[in-house]
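Single-letter residue listing:
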Amino acid sequence: MLKITDLSVRYDGVLALEDVSIEVHPREIVAVVGANGAGKSTLLAAISGLLRNATGSISFQGEELLGKEAYEIVGRGIVHVPEGRRLFPFLTVEENLWMGAYPEHARSARLQLIEEIYAMLPRLAERRTQLANTLSGGEQQMCAIGRGLMSKPNLLMLDEPTLGLAPMLASEVLQIADQIRRRGTTLILVEQQVGKALKLADRGYVLERGRIVMQNTGALLLADADLRRAYMGI
Amino acid sequence: MTMLSTEGLNKKFGGLHAVRDVSFSVSAGEILGLIGPNGAGKTTVFGLLSGFIRHDAGKVRLGGEPIDSWSPEARCEAGLVRTFQIVRPFGNITVLENVAIGAMLRTTSRAQARRDAAEVLERVGLADRAQEIARGLPIGIRKRLEVAKALATRPKVMLLDEIMGGLIPTEVNEMMGLLRQLRTDGAAVVLIEHNMHAVMTVSDRVVVLNHGAKIAEGTAEQVSKDSAVISAYLGEDYDSAQDH
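Chains A and B supply the protein sequences, listed in that same order.
The working numbering applies: residue 1 is where the first sequence begins, and numbers increase by one.
The working numbering applies: residue 1001 is where the second sequence begins, and numbers increase by one.
Think of the hints as simulated: they come from the structure by calculation, not from any bench.
Because the structure is a prediction, the values reported are computed rather than measured.
Errors might be hidden in some of the hints.
Heads up, incomplete: computed chain A residues facing chain B, CB under 8 Å, no partners named [to be verified]:
| id | residue |
| --- | --- |
| 1 | D12 |
| 2 | G13 |
| 3 | V14 |
Cβ coordinates follow ideal geometry from the N, Cα and C atoms, glycine included.
Generate coordinates for the entire structure from the input sequences, incorporating the hints supplied.
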């Protein structure tokens, strides 16, 4: 579905990503883990067309994405839920969700989409008229995911959805990711909560200083002592 | 011999308890790694030690003497120097002149400061860049320049904040060589570093911060196997998830 080959990104002369190759198959959850500064968010930004300085290839359903504008990439069904939620703070929950339905292919389906999202995330329905900045952290994350789903993604990319959430809530948010997959959407999950993420994911990639240093099924990565080494350096 | 020590260091920024009850010390001829996830409070600790930020409670001692009320420049004169993660060279002057400014702390002669600066540049491997204007240099060079500026003040204690960020592997090795040389020369070095392999390899001892508090201290080997440290880096239930 998504095939990234030898993707490299430079910021200010520094290699943030170096020859990264990743594949994502339909209906998979693929986790991308790694320490701070490993390049996880850069990878998502490159896929979303937010970087001008990426080289290599990002092919989605056979089409090259590199060089395309961000809105064209969303139009192909790749949707990015950014780290830190980035909601419109002074819009209501429902208005935030409508903003997600901006792409043409989603706009015509928006009434059905919002019903589906409210059914899956009833908390958002309860809070539909509330301003986004009055939501709790967990609710904000759900709203950000809901907004992403309103863009009718084939591939949904979640960047640290559990950031700042208490462990129970973090598990709840990851359960939502699992539900989304069961409805047929493919996911890339960038996470600091390595245990939770790899337990959920079918496969995972470990980034260390801009390079893929390990890849395997989630379960086998969890069992591998090298994973701890990738984080701790020894 | 303990060169720098902290005792019960605390700092709050509004409702955020950025540094809580942090105590540690570093000796002459020792490299101490200060590690922890993003937002752990590492750079804030450097701010407190160097006097750029005032602590709310606790003690900082340099060579046994309390320096809590000292300004950053007084601390620098007493031999405590820091570098900045976001490097801050004077952009419009040369590399040599940048370093000479640091050297002016110990001499009033500009010629002497230039000679001292040239010597420091030799040590950090920047001699061939001496006459280049600092602005626009590649990041690897600017990082080394940041260290050179600090070294020129002839410090006893160096607080180095992410000096390896953006360096290529051979440059990292050179920087580690320089750190070992400083240790041999008797300096006390505290190192904040995201390059975990480098900091874990070069440090004699490692202090781990998380959410502003010290959660572990020991050799690199010890802290890398500490369950609190592993949770801080890999998430709460990494250990338990491994068992299933």
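Structure-based check of all given hints:
1. Residue-level restraint check for D12 (chain A) holds (minimum Cβ-Cβ distance to chain B is 6 Å; threshold 8 Å).
2. A distance limit of 8 Å between C-beta atoms decides the matter here; for G13 (chain A) the minimum to chain B is near 5 Å, and the interface restraint holds.
3. Hint on V14 (chain A) holds. Least Cβ distance to chain B is approximately 4 Å, under the 8 Å limit.
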